[in-house]
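Each protein sequence line maps, in turn, to chains A and B. For what it's worth, our numbering labels the leading residue of the first sequence as 1, then goes sequentially. For what it's worth, our numbering labels the leading residue of the second sequence as 1001, then goes sequentially.
Since the hints were derived computationally from the structure, they do not count as laboratory data. We treat Cβ as the ideally placed atom computed from N, Cα and C, and that holds for glycine. Incorrect hints may have been included.
[As the list claims (entries may be wrong)] Sample of chain B residues at the chain A side, in silico, Cβ under 8 Å:
#: 1; residue: I1128
#: 2; residue: A1129
#: 3; residue: K1184
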Amino acid sequence: MKLSLYRLKQYIDISLSPEELANALTMAGLEVEEIETVGKIPDGVIVAKILSRRKHENSDHLSICEVFTGSETLQIVCGAPNCDTGNIVPLATIGTVFPDGEGGTFTIKKGKIRGVESFGMMCSAKELGLSEDHKGLMLLPGTFEIGKPLQEYVPTDTVYTLEITPNRPDWLSYWGVARDIAALVGGEVKFPAPENVPTNLAGDWSNLVTVEAPDLCPLYTARVIRNVKVAESPAWLKASLAAIGIRPINNIVDITNFVMMELGEPLHVFDMRFLKGERLVIRRAKENESITALDGKQYSLTENDLVIADTEKPVAIAGVMGGEYSGVVSDTTDVVLESAWFDPASVRATSRRLGLSSEASYRFERGADRAMIVPASMRAAQFIRELASGDVVSPLVTVAEPEPPVRVIDLKYDRVRSLLGMDVGNRRIDDILHSLGFATVRQSESGASFSVPTWRELDVMGPADLAEEVARIHGLDKLPDVPIKATQSDISGDAILPITHLREQLADVGLYEIVSNSMMSEASAIRGGIFEPADLIRPNNPISLDLAVMRPSLLPCLLDAVRYNIARRNFDLGFFEIGHVFCANQAKFPEERDEVGIAITGCAHPERYSKERGQQLDFFDLKGIIESVLSKRRLASFSFVPATDPQFNPLCCAELIIDGKKAGVLGQATDELTKGMRLNTPLFIALIQLDALFSASVKSEYYVPVSQFPSVSRDIAFIAPAKLRNQNVVDFIRKLHLPHLESVSIFDVFEGKAIGEGKKSLAYSLVFRSPDRTLTDDEVNVLYEKVRKNLAEGLGVELR
Amino acid sequence: MLEELLQKLQAITADAKTALSAASTPADVEAVKNRTLGRNGAITALSPMMGKLPAEDKRAAGMAFNEAKQGIQAALNEANARINAKKAEDAPAVDVTLPGRMWPFGRKHPISQTIDACCAIFRRMGFIAVTGPELETVWYNFDALNAPANHPSRDPQDTFYLPDGRLLRTQTSPVQIRTMLGSKPPVRIVSPGRCYRRDTPDATHGVHFHQLEGLYIDKDVSLSDLRSTILKFAKEFFGADVQIRMRPHFFPFTEPSVECDFSCVMCGGKGCRVCKNSGWIEIMGAGMVNPAVLRNVGYDPEEVQGFAFGFGLERLTMLKHRINDLRIFSDNDLRFLKQF
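Turn these sequences into a full structure, and let the hints steer you where they fit.
Rendered as structure tokens:
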């Protein structure tokens, strides 16, 4: 909302500079977002009078004027339609500097326009930055002295743009802001009391207003004013609206807007000619009723919408907008002035449902001040009499429910001090609350009961709200520095720390973390063939089809990140992501879980040289990354077993088993998944359940004694069928339960013509060691022979 | 005869030393050694003369032999050392300017780094980091937090709803509710995580964003404790020069409510484009937890009170690293990710 400081000063004496006041308001919760200086007339613009006007020979629209400056007569070429003889206008003399609207300036110079000399520029209101009006020259009143600088007549104003929090509808007016400034920095307030409105008017007006929905409209007032003359508003009224961005329309509409800005109460005026039966009925709309509002659009209404109707049809959407065919027009003479209180929730619901909001609905849905309804109506009636020569013929016709009781809040002064952690005295608390309109109802030693003023009744509910008022006015900058307290909390187990550690472990093996959208298209989500459309969680109101479903897996995110980078020629990639994934099919996984995804492709060591440079990442790099991290995490039991999964190449796919349960899957992404990515190297992906990692059993923290005796090692090589797996061999040897066998490790795999089709050569190193003595060659040889014999017999391998 | 022997020894020694001083390869040295001290060398060849000497000369001859052998050996050693030194000098050294064989180290995403850094700071002040689901009920996300029934943030225009009436959480505050329902005061937590709002993606909005909220409930936690906590956080995160200011504001969840500005990290508070010349940047919303919220989780507002705060992690990260478009966070471009 915008406020003019010039207008604001009509309601309160302010001694602060515009900047000081803005800062004080901001620090009291009424944030001044922008301070604009307006109406700064450039030096050199004077009041001048047009002495004559003739047509420019070389132009259809230009005129040549003789203009008197008070000391001389200048020839000015002018394009405005209204540069008529006798008009008093602003004249920018030679040398006047104007802002060009883009941060620079331009200077008025003597010039020739289509061959005719011109010695200055006559100005429109827009050119002077006074309003948006650029239809013609700004016409000045005859009271302005010719030759005087225009600055002397047009004061510079400051316009604030305020951010008003939704709990403070009382700040949506000059009066409301003035009231708070008085509490904040002092200064005498001047209430714009209505004057010159006749009272004790006779006549029976009881049929004028019928309220059929008192729950939504507990207070309605109307007044009939006849013989109004609809016309342009006087300059001061237009200027006061234009300054804060409200377009002047005509005197009646401008008056309602002015009073709304002054007192915060939206008003509405009906043309009586368009009210069938000259009656106003405040009722719920009927199903399928509709209205064309002032914006020219037709709105269908429901029984939840409150309308103002005549005897036949709705003439306004209550508190939101008037009807197009019942408002004030140029030949309007008799009007009904409405000032009422509408239920905030009802106005908000209607406004939202219709997608229609207005200055009125903005205020009503936040809560107008009940106490301001009568003064606002009186104030508007006063102006309609004064500015539109209207005859007030009816008293204020009021239909009201009993007033709700005033809220009273019991406050302990200590509670304020405790909440704020600030030492504020009892007297100071009283003073602050009194200055804001709260009144002491009862007083005790330790506290008091305060009544809440009508303009705060929807906001201030309890002691905490009163504490906020004290903090706001006393100043949050007075909060003391206090030491950080210690706590003994029952909550154990930091939920982020384990994730932080895992992230660091994954980064430490060379991976970069990515953060992807949780929302994606259905087509992306079901890539990989694990999930079906019915498995997906879909918001009702997605922002687009590309963001229509929640990701069921990190796979599509990893694919997207790889595709994005390959397209930018980042070929050597190692990514991981940790995040929530979602599934509507309980059989697949229960709704929401955390997943870890890893993707690698390209060269293992792009920063190296010679032979190492070309070394491509393969399945064993991915597996190694996982093994490194799991080892770092000291997992007690994990293994990789061959698997099939639609996301992976069937020849290169494994499941990760932790503690005997499937914890994830890894392998080479299928060609189907990488199609169109222009990958030069295979892509390897792993998807692991975070829960399985975090709940995995870990190795004992007790130490294992380290043997001080030497080890003895023996190598064993054999030709095996190509399908024999390393794990089969290792498990086989382990199952022999040989004494002193410390480790079995493969050190060579070879396949080739020399070995023969369908075969491979494997070589293992066995290490034996005793914790308490040196083993002899003889005893190791016995064990070694046992292995050889068993391998040959048990696995059918051909020993070498 | 002794005289003759001594002369020969001297001549051989002198000859050997001359040859060795000219020697340039180990083979040259080896040749000198062979022809003097070797099995068929000149010195060795003189040994039989010893036996023929009279007894009184033997001692002198023995000493001369030793002297000659030692002299030649010393010259041999010297020549070898010289040749080795020359060889070492000529040998090509390891080109230490070639790239090292780096251990691969990746990086955490900048948002994660901010989450981790924030959690670490708050942990030092006694907060525990907790998490919760992203699919939430209306009660946890709005009702329990005292959001009015007709609050605009509940509108399907702003919030993603699921067919069963639940929603994608719009804030991490539901975690505060879950935590308070699950434990007795004192409660001192931070909850970082992903949230969703129906914003059209642009430089400062995305459909998802990350937020960190804090909550501290105990018997005597005050607005001053909030201010001191935030000040300490600001200084640890952005540096000791950062100042904070609090302005009254309005949030249904808190009463009193404040907005907390940090002195502009770009200009140090002097005024710049980022802070719109105010010297301050709006960072977080905060306040004293509304008594209605405490009642919703079964706490007695007469017995306990406390503060809550919340801020956007993207914004903090953008300010820290001077990033001006948050869409880059989920582009996941390696060249971006490598910078942090």
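Does the structure break any of the earlier hints, and which numbers would those be?
Violated: none.
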